[in-house]
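Student: As they're listed, the protein sequences go chains A and B.
Residue numbers for the first sequence follow this note's numbering, so the first one is 9 and each next one is one higher.
Residue numbers for the second sequence follow this note's numbering, so the first one is 40 and each next one is one higher.
It is worth saying that the hints were derived from the structure and are not from the lab.
For each residue, glycine too, the CB sits at the ideal point set by N, CA and C.
Check before you lean on any hint, since a few could be wrong.
Residues from chain A shown here face chain B by an in silico Cβ test under 10 angstroms; the list is partial [as the list claims (entries may be wrong)]:
{"id": "1", "residue": "I12"}
{"id": "2", "residue": "Q14"}
{"id": "3", "residue": "F37"}
{"id": "4", "residue": "T52"}
{"id": "5", "residue": "V58"}
{"id": "6", "residue": "L62"}
{"id": "7", "residue": "S91"}
{"id": "8", "residue": "A92"}
{"id": "9", "residue": "A97"}
{"id": "10", "residue": "N104"}
{"id": "11", "residue": "T107"}
Far from chain A, by Cβ distances over 10 angstroms, these chain B residues were calculated [stated by the list, open to error]:
{"id": "12", "residue": "E53"}
{"id": "13", "residue": "H63"}
{"id": "14", "residue": "H80"}
{"id": "15", "residue": "L82"}
{"id": "16", "residue": "G135"}
{"id": "17", "residue": "N138"}
{"id": "18", "residue": "Q140"}
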Amino acid sequence: GQNIDQPTEMTATEGAIVQINCTYQTSGFNGLFWYQQHAGEAPTFLSYNVLDGLEEKGRFSSFLSRSKGYSYLLLKELQMKDSASYLCAGFNNAGNMLTFGGGTRLMVKP
Amino acid sequence: DAGITQSPRHKVTETGTPVTLRCHQTENHRYMYWYRQDPGHGLRLIHYSYGVKDTDKGEVSDGYSVSRSKTEDFLLTLESATSSQTSVYFCAIKSGSYNEQFFGPGTRLTVL
Chain A
9 GQNIDQPTEM TATEGAIVQI NCTYQTSGFN GLFWYQQHAG EAPTFLSYNV LDGLEEKGRF
69 SSFLSRSKGY SYLLLKELQM KDSASYLCAG FNNAGNMLTF GGGTRLMVKP
Chain B
40 DAGITQSPRH KVTETGTPVT LRCHQTENHR YMYWYRQDPG HGLRLIHYSY GVKDTDKGEV
100 SDGYSVSRSK TEDFLLTLES ATSSQTSVYF CAIKSGSYNE QFFGPGTRLT VL
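All chains, full assembly: derive it from the sequences and hints.
Tutor: Okay, structure coming up:
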């Protein structure tokens, strides 16, 4: 199968920086998405990487290395409201399906 | 907000009964998806549609069927619900600058 792996849980302190990693099989995916999901709510789109490198969007940045099958989401200046699950998802080559990792539950503490 | 609604939002049913969940969109998107989300498994694709009457299976399609007779509606049917189908079901459409998927609010289904 086309596995996508990410840590199950992470804890960080308000105001700090946290990096959430995602690894995947390099064949079969063309692009990587990150979604945020608060408890009891639907996932919401955060970022998309199709080329190698860093994409920055305010406090959130996402990085992709296609040759290494590796991505990360970087959250800066953490706020309590950033406590949520973060889902990594790979776009298949046909561009019509996403495969999700299990999600990383981030807890931000004061 | 991509104009996606799901109904019902909550349902409790008994094993062996048929259940149909509805996803409705108002913006004429071609692609629609049904996922289930369970602890420890993340989001898993059940079925998707790429147009009226055009559907295909996803990763966990056993025990589920879908229909799309109109662009705006994508129905997910559990012919005979089982307790293993207790889950949160999300509908999604594909849109946006990156063809990202936008999700509906979800349906929490409990099969007793």
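Student: Confirm or reject each hint.
Tutor: Outcome of the hint check:
1. I12: holds, 8 angstroms
2. Q14: holds, 9 angstroms
3. F37: It is violated, given that the least Cβ distance between A:F37 and chain B is near 14 angstroms, above 10 angstroms.
4. T52: holds, 8 angstroms
5. V58: holds, 8 angstroms
6. L62: Result: violated, 16 angstroms to nearest chain B Cβ.
7. S91: violated, 17 angstroms
8. A92: Because about 14 angstroms separates A:A92 from the closest Cβ in chain B, which is outside the 10 angstroms limit, the hint is violated.
9. A97: Given a least distance of 8 angstroms, the restraint on A:A97 holds.
10. N104: holds, 7 angstroms
11. T107: Given a least distance of 8 angstroms, the restraint on A:T107 holds.
12. E53: holds, 25 angstroms
13. H63: B:H63 is indeed farther than 10 angstroms from all Cβ atoms of chain A, at 15 angstroms.
14. H80: violated, 6 angstroms
15. L82: violated, 4 angstroms
16. G135: violated, 7 angstroms
17. N138: With a cut-off of 10 angstroms, B:N138 comes too close to chain A, as the shortest Cβ separation is near 6 angstroms.
18. Q140: violated, 6 angstroms
Hints 3, 6, 7, 8, 14, 15, 16, 17, 18 from the list above are not met by this structure, while the remaining hints are.
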